[in-house]
Amino acid sequence: MRVSVDHEHCCGAGMCVLIAPDVFDQHGADGRVVLLDDSPPAAQHDAVRQAAQACPCGVIDTAD
Amino acid sequence: MTETRPEAVRMPMTRAPGCPFDPPDGLATLRADNPITRMEYPDGHVGWLVTGYALTREVLADPRFSSKRELLRVPFPGGPVGTMPPAPPGHLHGMDPPEHTRYRRLLAGRFTVRRMDQLTERIERSTAEHLDAMVRQGPPADLVECCAYPVPALTICELLGVPAADHDRFKRTARMMNALDNDPAEAYAAATSLDAYMRELVAVKRAHPTDDLLGDLTETDLTEEELVGIGTVLLGAGLDTTANMIALGVLALLSHPDQFAALRDDPAQVDGAVEELLRYLTVVHTNVQTALVDVELGGQSIRAGDSVTFSMHAANRDPARFTDPDTLDVRRRAVGHLAFGHGIHQCLGQQLARVEMRVAFRALLTRFPTLRLAAPLAEIPVHVTAIYSAPRIPVTWDADGDG
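Going down the list, the protein sequences come from chains A and B. Note that my numbering has the first sequence beginning at 30, numbered continuously upward. Note that my numbering has the second sequence beginning at 107, numbered continuously upward.
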């Protein structure tokens with residue numbers, strides 16, 4: 030799985046960090062997403078998909 | 107051929123008797139019929155009411171709809187009627203990008219998941235102190251007065267940087283602003299007094315910056331007006347909502363003894379229980395947007411200028427999204443609920459609210475395993491205004507031992 034994020038449209042709500050803290054973090058300055066792992070292991074795929082689905086601004090993309 | 111149009115409904119605001127946790131009567135029927143329907147606003151405007159989960163998510167993430175205060179129509183009777191002035195500086199929830207974006211970025215870094223998690227220990231300490239006092243006082247007690255209100259009030263005071271000497275003044279004013287039995291003149295006076303207090307506080311922080319949110323913000327390019335606006339908004343958005351989620355959350359658990367027992371016997375479930383209580387209760391039950399251009403939506407033609415109201419509570423009870431949606435089930439995976447909104451305005455303080463709720467529920471159930479209502483549920487008022495609220499929750503417990 031490849032994960033990509035659109036920083037420009039991120040609103041820093043933190044849903045991704047709440048759901049998949051091993052894959053996402055937030056910048057301390059503006060709360061925007063930091064992608065920790067753009068090709069996470071299989072064990073993380075479900076959480077990453079849920080994070081992408083829950084993201085209020087739809088800035089997380091996944092490709093298998 | 108003439109177009110047939112369903113009659114416009116009014117915003118349902120009254121709950122069926124004996125259903126203090128369900129969306130006001132009529133919303134479920136509207137949702138089952140069509141997730142978007144015509145609605146008449148108190149000023150006579152005929153706009154729309156959205157009750158379905160998928161459509162609510164879609165529209166709240168659509169930049170063709172605006173949150174600008176000057177376009178807003180209040181869907182409830184008794185609110186301001188007529189064109190409102192634009193949002194004051196700092197009131198980001200009443201703005202669109204790019205104005206909203208600038209504020210959001212200055213603030214979002216202060217409310218990150220990890221930063222809020224670090225407050226857990228401090229909030230646990232203040233919760234324990236309040237529950238100690240509740241034990242000393244002995245049963246029965248008002249849960250709102252003892253815990254649900256003062257702990258979030260203290261937390262937001264400390265986060266903003268309100269000096270301890272001012273906490274009581276700050277809490278009194280905030281409570282007055284939102285008290286339900288207040289007449290509007292009193293509420294207005296309280297809001298004016300809070301604004302004046304915030305102005306003094308900002309001046310003090312500018313002169314002597316301290317290590318807290320307002321102190322840090324004085325070192326950005328925000329003007330005094332903006333700082334006052336932000337301080338007021340963070341308090342207004344963060345206190346009553348969290349306090350009522352804790353109060354109503356406990357009320358819901360106590361009225362569902364199996365759910366209370368499930369959480370008490372396995373406190374590790376608290377994260378999921380918080381999400382489920384947020385979904386089930388949806389204290390911030392309604393949201394409003396205005397169409398900026400003509401939009402086709404759910405088979406309907408929305409015209410530029412039309413107001414669209416969202417019943418977030420009805421959306422969170424949509425059977426198309428949640429199985430058996432009217433059942434409170436603390437073991438459910440409720441992530442994806444819309445209790446904090448959706449789109450660029452999704453609650454800025456949601457991670458703080460989560461920490462506050464987790465700590466409160468965990469502490470209350472651990473400390474008071476025999477907690478129960480001290481009055482019949484039907485005699486405990488739950489109000490439907492801009493949010494759902496319970497001004498008093500009488501509780502009791504077995505005082506033997508530690509609760």
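Derived from the structure by calculation, the hints contain no laboratory data. By construction, the Cβ of each residue, glycine as well, lies at the ideal position given by its N, Cα and C atoms. Take these hints with a grain of salt, some might be off.
[To be verified] To spell it out: a stretch of chain B is covered by chain A in this simulated footprint if at least three of its residues, at any positions, have a beta carbon under 8 Å from a beta carbon of chain A; those stretches are:
| # | region |
| --- | --- |
| 1 | 215-224 |
| 2 | 453-460 |
| 3 | 489-500 |
[As the list claims (entries may be wrong)] Sample of chain A residues lacking proximity to chain B, with all beta carbon distances greater than 12 Å (derived):
| # | residue |
| --- | --- |
| 4 | Val46 |
| 5 | Asp54 |
| 6 | His56 |
| 7 | Asp66 |
| 8 | Gln79 |
### Query
Beyond 12 Å from chain B, beta-carbon-wise, is Asp66 of chain A?
holds (16 Å)
#### Entry: Non-interface claim for His56 of chain A versus chain B (Cβ beyond 12 Å)
violated (6 Å)
### Query
For Val46 of chain A, which was marked as not at the interface, is the minimum beta-carbon distance to chain B over 12 Å?
violated (4 Å)
### Task
Mind verifying the non-interface call on Gln79 of chain A? Its CB should be farther than 12 Å from each CB in chain B.
Incorrect as stated: the minimum Cβ-Cβ distance to chain B is 7 Å, not above 12 Å.
#### Entry: Separation of Asp54 of chain A from chain B, once the least beta-carbon distance is taken, above 12 Å
violated (7 Å)
### Message
At least three residues with a C-beta closer than 8 Å to a C-beta of chain A: is that true for the region 453-460 of chain B?
### Response
Result for this restraint: holds, n = 5.
### Task
Confirm or reject the coverage of the region 489-500 of chain B by chain A under the rule of 3 or more residues with a beta carbon closer than 8 Å to the chain's beta carbons.
With 0 residues closer than 8 Å to chain A, the region 489-500 of chain B misses the three-residue bar; violated.
### Query
Does the region 215-224 of chain B contain three or more residues whose Cβ lies closer than 8 Å to a Cβ of chain A?
Three-residue rule met by the region 215-224 of chain B, so holds; n is 7.
In summary, the structure is inconsistent with hints 3, 4, 5, 6 and 8 from the numbered list given earlier, while agreeing with the others.
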